[in-house]
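Quick mapping for you: the protein sequence lines, in order, are chains U and E. Counting along the first sequence from 1, when you hit position 88 you're at 212 in my numbering, and nothing is skipped either side. Counting along the second sequence from 1, when you hit position 58 you're at 138 in my numbering, and nothing is skipped either side.
One or more of the hints may lead you astray.
[What the hints assert, rightly or not] Listed below are the simulated DSS-like cross-link pairs for lysine-lysine, each with C-alpha atoms no more than 27 angstroms apart in a straight line: (1) K121/E x K264/U; (2) K264/U x K91/E; (3) K264/U x K100/E; (4) K121/E x K91/E; (5) K121/E x K100/E.
[Claimed, not checked] Facing chain E, a subset of chain U residues (Cβ under 10 angstroms, in silico): (6) V153; (7) I185; (8) S189; (9) P190; (10) A275.
[What the hints assert, rightly or not] Just a sample of chain U residues kept apart from chain E, beta carbon distances all over 10 angstroms, derived: (11) G224; (12) D229; (13) D237; (14) R309.
Because the hints were derived from the structure by calculation, they are not lab data. Think of the CB as a built atom: it goes at the ideal place given N, C-alpha and C, for glycine as much as any other residue.
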Amino acid sequence: MRVGVVTFPGSLDDRDAMRAIRLAGGEPVALWHGTHDLDGVDAIVLPGGFSYGDYLRCGAIAARSPIMAEVIDAAHSGMPVLGICNGFQILVEARLLPGGLIRNDHGTFIRRDQRLRVESTDSAWTSGFEQGQEITIPLKNGEGGFIADEATLDRLEGEGLVAFRYLDVNPNGSLRDIAGLRNERGNVVGLMPHPEHAVEPGFGPTTPAAMRSGVDGLTIFTSLISSTLART
Amino acid sequence: MPTIVVEVMPKAELLDPAGKAVAAALHRLGHEAIGNVRIGKRFELHVDGEVDAPLLAAVEQLAADMLSNGVIEDVVSVRVSGAETSGAGVAGETR
């Protein structure tokens, strides 16, 4: 399975995302923001970083880059698309997911190993988790506060579109502790924490078992590969 | 050269952490009379040629679609400014 990772000017975690795809058994494919070429990939990851230096709004300029026309079309026709951190901001700016992401309520950048609860396994990127499973993956953002109006929040909750929720600490003032969303169809998922940084023992979050042994993020990528294989 | 000025503010009901930080600094400096501070954006679009109604309408659309995000921000004004000094000689208020 070929999974494209789009590099924008200012992307940081594109290589980490490609490594996570490889460790999950997929074939990562580098895609470039300035083209209209998806190179025949089966799924797409929009990686973390600071595209366009967060100018205008986080993700706003990247969401209007050439390749996003194809990404948006592909998402509408059901191709799995994952947005991580800045990628989540790009999905929101591209209106593929609702709401907005604003500066953290405490005004500072935060980096921590974050506990999350998987709230929806009904997506291409979360099907390998248990419903309600608690996982720990790194979080690092300055503008990760998820907001939406009350009606939208109620709809997201009612339709089960909240994919991940913060546990223990709400690190950025996100309303209803929302850390990630999925769309109605389940092919598009966006989240602020970074699953691609918790995929290999020795390089992930510290767990009670051993230092840096956390690999909870890998399930996001293995979910994609097994759910897509199951469909074809 | 005519300039179209677009002003965007974070929605009043949302927390503006940047404005809050500035307000806290002002209070620390003894400016008790200042209550809240909110920080917005001002765009100056320099136009080659005349500003006509269709162009202004296109910019209003652009202000709503790209220069602001309606989920978190409001477009406060879109107007034509012909003067060199910013803030002066404002003409043709459209909102």
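Now the hints, each set against the structure:
1. K121/E x K264/U: holds, 26 angstroms
2. K264/U x K91/E: holds, 25 angstroms
3. K264/U x K100/E: With Cα atoms ~22 angstroms apart, K264/U and K100/E stay inside 27 angstroms; holds.
4. K121/E x K91/E: The hint holds at about 12 angstroms.
5. K121/E x K100/E: Holds, at about 16 angstroms.
6. V153: violated, 29 angstroms
7. I185: Holds. Min distance 9 angstroms.
8. S189: Since the shortest Cβ distance to chain E is 12 angstroms, the answer is violated.
9. P190: violated, 15 angstroms
10. A275: This interface hint is violated because 12 angstroms lies over the 10 angstroms limit.
11. G224: violated, 4 angstroms
12. D229: violated, 6 angstroms
13. D237: holds, 23 angstroms
14. R309: holds, 21 angstroms
When each numbered hint is compared with the structure, violations occur for hints 6, 8, 9, 10, 11, 12.
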